[in-house]
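Engineer: Chains as they are written, first to last, in the working numbering: chain A, 535 to 1049; chain B, 44 to 283.
You may find that some hints are simply not true.
[As the list claims (entries may be wrong)] In silico PhoX-like pairs for lysine-lysine, Cα to Cα no more than 20 Å straight-line:
#	chain 1	residue 1	chain 2	residue 2
1	B	K267	B	K208
2	B	K216	B	K200
3	B	K95	A	K1030
4	A	K701	A	K567
5	B	K208	A	K599
6	A	K713	B	K200
7	A	K966	A	K931
8	A	K931	A	K959
9	A	K1030	A	K1040
10	A	K599	A	K895
11	A	K1040	B	K95
12	A	K708	A	K599
Source of the hints: derived by calculation from the structure; they are not laboratory data.
Okay, here's what each chain looks like letter by letter:
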Amino acid sequence: MVRPIHNIVIVGGGTAGWLTAGVIAARHQGRMKTGFTVTLVESPSIGIIGVGEGTWPTMRATLEKIGVSETDFFRECDSAFKQGAKFARWTTGAADDAYYHPLMLPQGFTQLNLAPHWLGGGGGDRTFCDAVCPQGALCDDGLAPKMITTPEYQAVANYAYHLDAGKFAPFLQKHCTQKLGVRHVLADVESVIQAENGDIASIRTKQAGEIPGDLFVDCSGFSALLLGKTLGVGFKDCSDVLFCDTALAVQVPYERASDPIASHTISTAQSAGWIWDIGLPTRRGTGYVYSSRHSSEDAAHEELARYVGPRIKELSVRKIPIRSGHRELFWKNNCVAVGLAAGFLEPLEASAIVLVELSAKLISEQMPANREVMDIVAARFNEVTGYRWGRIIDFLKLHYVLTKRTDSRFWIDNVDPASVPDRLKNLLHLWKYRSPWFFDEFDRLEEVFPAASYQYVLYGMGFRTEVEPEDNEGTQSMAARLISENATLTRQLRAKLPKNRDLLQKIFDHGLQPI
Amino acid sequence: MTNVVILNSQLHRTLRVQAGASARFGDDRRFVQVIANEFPLLAIHYPVFFAKDADTGAFYCGAMLGFDEGENLFLEEGRPQSAYRPLNLQRGPFYTAGNELAVDLDSPRMDGEAGEALFTPAGEPTAYLESIKAAMRELRDGLERTKIFIDTLMTLKLIEPVNIKVGFDDGTKRDVVGLYTISQDALRGLPDADVLELFRRGYLHLIYLMIASLKQVPVLAQKKNRRILAQSESLGLARL
């Protein structure tokens, strides 16, 4: 007999749990009246980790699809704009060493690859980012990526968000339960009941009895209660590639209520890792992500204190362990893991929440109609998700292998070829003679990092691709036009966009219009 | 610069205001905020749209008077304007401050001896001042009512952006952005109960006036085109 998949049970109520619940419930809203259910079981006693205060621009589409108002999201999650990241002191460690990884594609990216032209001197003395895209200049000026007249979720300059993770999960919870019909059960899971074929039949809870389901989504965080503990899927450690394994996090208040809010994440390299700095309207979130093999906690604390200033004495510093890696499989039997239960990496490019979004989207769109086809869907999900984790690990490692720093063991060890994944090694070799662009390497429909991201990091960190001037000849005039168009666009945007804090205040006061 | 003060029958007894429509008095605007009560008077002359306040992003209703910055194609310098003049232009240099009427003493309309008196020699308000007071009252109540009208349309998702592209005989083109109008598709798709509610509240009438006013866009373009042609003809004559 064909067993339809009707009852989805999500275990865990953090960002991953509620985002997944929202995405699935919104996508299957029409089926709700015919008995399709989404139930989220959350432990009243286990707190949420609340990591991940930076998102990708994908979050705009995700929130819009779930049906929340962007104005409410800004107001209730203390959200702010993020136009990319500034990497300081990653290349040489000097005080003025910095580059941007913006969220806008290079001008005319779909028509022409500007990187060889910039490498050939076509951008003048501008950095790669400034030659091909306005966003670095917008970040330098502390400008917002849109105006109060720009509708919700629309951008003048592409943007993502910084948010308060502690407020995001409750915000989603309210929307999911009140608007999308998600059932919320506050209960502790005591045991997991499996069928003969290994499938999870139900979970037995302390407060709400037995909860059966057709598909279980494991959002239980680091404990990976269902996929790890119950189904025994192993963990693939990647600390041989990415060394950081500890974070010291601290929230820093603004000195004055009118202090500017950076509209980008600032990531400043240290002796054994890097410090993040994320501007919310209410406070800055900062933290030092470091390798405990390369620094003691005391030394790390000292470096963080140097960054934050003497005020750190009055602030509480939270220590968070990072176990870099992911599950060997993400979907086994009728159980799929999303969020920390699937894996975790240092938050260098805000990959945690985007992986939740991508996984939730894939589950909701590929929702198996019945148990018989679930294994096919699961195999595809594992293939795609495994590929994504691999690409993210490569991309994070890219930030480290291009360093010229030799001032500490951490940086020296990071360029050791033994620590570099083969695929990345090959790409770096290839890129010496040809710059990445879209068709040659990044062929997936939903590639996590587009070729443009690789360009921004490579050329931001001084990587050189050999360019034959003759090869550029045919497209020289088009390149010159695109570069000059970018200069014009940069001037126009700098003149018309408001300051980041001013726009956030206006959104708080007046709201953004939905159209 | 502005110098807005509360109007006072003692201090401002001899004040005179040039009330007519003229570019030098500040009527040189291509878009002016209007209220729903004015729609019947406006729709036979002007296209009426929604636009967003640059400072708050909030929607308001406005009449389109021209295509270029500072262009009011309804001005007929030296003659009284034949088309209905929106209240926001009629009010000239006057403002409301709480329940009081205020006036901008630095307005170019206050320049000199000419114009309409505000008070009789005995200190009584003149008919002109009474008409201004009435206009200000109408505007103040009307803005609130218009906001409720807009909020209702937003809730029903009846507003959509519109892009106006026009070309003129001198070969130039204009792409007017930032305007919104009634979504006729959304209107057709409304449930009966909502239509009835709109009708009872008098909103259906306003909606159709806005839709009808779109026909004024080509008329306005023709008006501009005639000016362009007249200008190039006079230039041509000058060269002869």
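Engineer: Each hint should be assessed against the structure and marked as holding or not.
Structural biologist: Each hint tested on the structure:
1. B:K267 to B:K208: 14 Å, holds
2. B:K216 to B:K200: Outside the cut-off at roughly 31 Å; violated.
3. B:K95 to A:K1030: With a Cα-Cα distance of about 16 Å, the restraint between K95 of chain B and K1030 of chain A holds, given a limit of 20 Å.
4. A:K701 to A:K567: 30 Å, violated
5. B:K208 to A:K599: Not OK: K208 of chain B and K599 of chain A at ~32 Å, beyond 20 Å, violated.
6. A:K713 to B:K200: 18 Å, holds
7. A:K966 to A:K931: 17 Å, holds
8. A:K931 to A:K959: 10 Å, holds
9. A:K1030 to A:K1040: It holds: about 16 Å lies between the C-alpha atoms, which stays within 20 Å.
10. A:K599 to A:K895: 10 Å, holds
11. A:K1040 to B:K95: 14 Å, holds
12. A:K708 to A:K599: The given pair, whose Cα atoms are some 16 Å apart, holds under the 20 Å limit.
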